[in-house]
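K.L.:
With the hints as extra help, turn the sequences into a complete structure.
Number of protein chains: 2
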Amino acid sequence: MRSIGAGAYAPLAEAFLALLGSGGKRLRPALALAAYGFYAEPASEKAVAVAAAVETLHNATLVHDDLIDNALVRRGMSTLNAVWNKGATVLAGDYLFARAAGFAAETENVRVVQLFADTLRIICEGELRQLFSARQWRQAKEDYYPRIFAKTASLFAAATRSGAILGGATPEQEQALYDYGHYLGMAFQIVDDILDYSGQEATLGKPVGGDLRQGIVTLPFFYYLQSHAAPEGVIARLQQAGNGRDDQVADVIAAVRTSGAIQQAFAEAQGFGEQAKAALEQLPDGLLRQALAELVDFTLQRRV
Amino acid sequence: MRSIGAGAYAPLAEAFLALLGSGGKRLRPALALAAYGFYAEPASEKAVAVAAAVETLHNATLVHDDLIDNALVRRGMSTLNAVWNKGATVLAGDYLFARAAGFAAETENVRVVQLFADTLRIICEGELRQLFSARQWRQAKEDYYPRIFAKTASLFAAATRSGAILGGATPEQEQALYDYGHYLGMAFQIVDDILDYSGQEATLGKPVGGDLRQGIVTLPFFYYLQSHAAPEGVIARLQQAGNGRDDQVADVIAAVRTSGAIQQAFAEAQGFGEQAKAALEQLPDGLLRQALAELVDFTLQRRV
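Heads up: the protein sequence lines correspond to chains A and B, in order. Mind the numbering: the first sequence is residues 139 to 442 in the working numbering, read in order. Mind the numbering: the second sequence is residues 139 to 442 in the working numbering, read in order.
Treat the hints loosely; a few may be bogus.
No distinction is drawn between identical chains; accordingly, a pair holds when it is met within one copy or between any pair of copies.
Here are the computed lysine-lysine pairs in the BS3-like style, where the Cα-Cα straight-line distance is at most 30 Å [what the hints assert, rightly or not]: (1) Lys184 x Lys415; (2) Lys224 x Lys163; (3) Lys279 x Lys344; (4) Lys279 x Lys163; (5) Lys184 x Lys163; (6) Lys224 x Lys279; (7) Lys344 x Lys224.
To be clear, the hints were calculated from the coordinates, so they are not data collected in a lab.
P.N.:
Below, the structure written as structure tokens:
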């Protein structure tokens, strides 16, 4: 098995053990292994390398995201930046990027390495867009979809595509697995954005309503604003946040939570879920395909 | 030619143009091209890709270093973190890592990709070590060498080695070019550490004495402390820094600057320079080898 390791540097090793030990669904490496499994024995060295690459890349982005968002809790545990200073947290994330690149290189497949590099680029562009569009309450709903593709679906799609490439899929089946990962990722992120409003803090392992508090506009909010009789009034309340009037934001979060916006957003997640299942039809039937179809349902039903 | 680009994201593109336009010696890509040039036409696509990879990786680490150090000026210009917020700066660095990985993948050489991944890992480990050993005034001089290898020489050596790999060098010549890059990098960093004491702010494009102010112990300080009659007194003065007594640090910087420590450190840089030149003897004689030998002298004579 692969180990993230940390050279001879003990504090780093401890921090990573804590991060990895804190749980997480390990969905992305599972996707890479499943895609590979359609074509070859999933326990191969290369399949494990690509699974490690995708999970390590994901964790690297989480470390930096938590730093950027000043998040103190993830998966019910203290984040790295809550414990370490800014510099150490930046470097710990960079270290994980290096390890992810190393794992990707271990596949000895140049297309896979290029795919990982492209995906990290897309993720960074998406995060930058999100950062620079924060608190722009009037932004267009159409911009939401490329943003969540960049943030989440691109890595899901990279996981399934790289599994397919390494397994030796035909171009058509590689595309089908890419599409599956893409649509599953879109559904996953919409559900994530819904849970940020409707979830329970104890189950989520992080505070509810964090997106809106940070000025990040997601699908439930778009629907809420769209159907609101006086959207300018909502925006005026949000603009008071940060001026000692965080109660105004809490009121908006509660309003979104109990509005029809949650159901409207969920219907979109279901639509992406259907598209993910449709993509699977290109693939050989069997237990693996069934498991991937069930993963769509799991994604839509998850509460955490 | 390669372009770093920034997708459709204009603010990022502008920031990178400013960063790249601000100068820098472009030493690392030149090393990669020179190493490649021993074996093949240096203007090839792959040589340009690896040169772009090494310079982009270097700039990515600079963006994060400046954030970590809260540095406001580099190459006489405002750093990214002086203009952008923490989050955008972290992501801009990550974006550059992604582009560096993409350029490395364009070489279509798995060993080169692995070398870049390993080098980034070594750099991060080194930076973490530096961070966690800051203000440990009594640290061992022996720890300085692995630290500057990680921080600087590892990327110099990766530049020359990857050029050699892509050019098709024999294992012996690849090793010789690696050694050359390694020793040149060690000499370069020692000179850098000397200039941090003895340089002119106007020429350096950044404040003098920054290392000691940040608690980073470098070779001149080791020699200064070693030859000082009352090292405990020096350490006591440094410990007052940050408590409104920065004048105490300024005094120590001035003392190091005018002590014999500068010459002692420089003699070590010269020693590494000699080793770099010795490594060149394994390589075919000619203009290129001569240029690399002159680069050693340039590195030792530089004032910026």
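K.L.:
Now tell me, hint by hint, if it's right for this structure.
P.N.:
How the hints compare with the structure:
{"no.": "1", "hint": "Lys184 x Lys415", "in the structure": "within (27 Å within a copy, 41 Å between copies)"}
{"no.": "2", "hint": "Lys224 x Lys163", "in the structure": "both (27 Å within a copy, 29 Å between copies)"}
{"no.": "3", "hint": "Lys279 x Lys344", "in the structure": "within (26 Å within a copy, 45 Å between copies)"}
{"no.": "4", "hint": "Lys279 x Lys163", "in the structure": "within (29 Å within a copy, 45 Å between copies)"}
{"no.": "5", "hint": "Lys184 x Lys163", "in the structure": "within (21 Å within a copy, 39 Å between copies)"}
{"no.": "6", "hint": "Lys224 x Lys279", "in the structure": "between (33 Å within a copy, 27 Å between copies)"}
{"no.": "7", "hint": "Lys344 x Lys224", "in the structure": "both (20 Å within a copy, 22 Å between copies)"}
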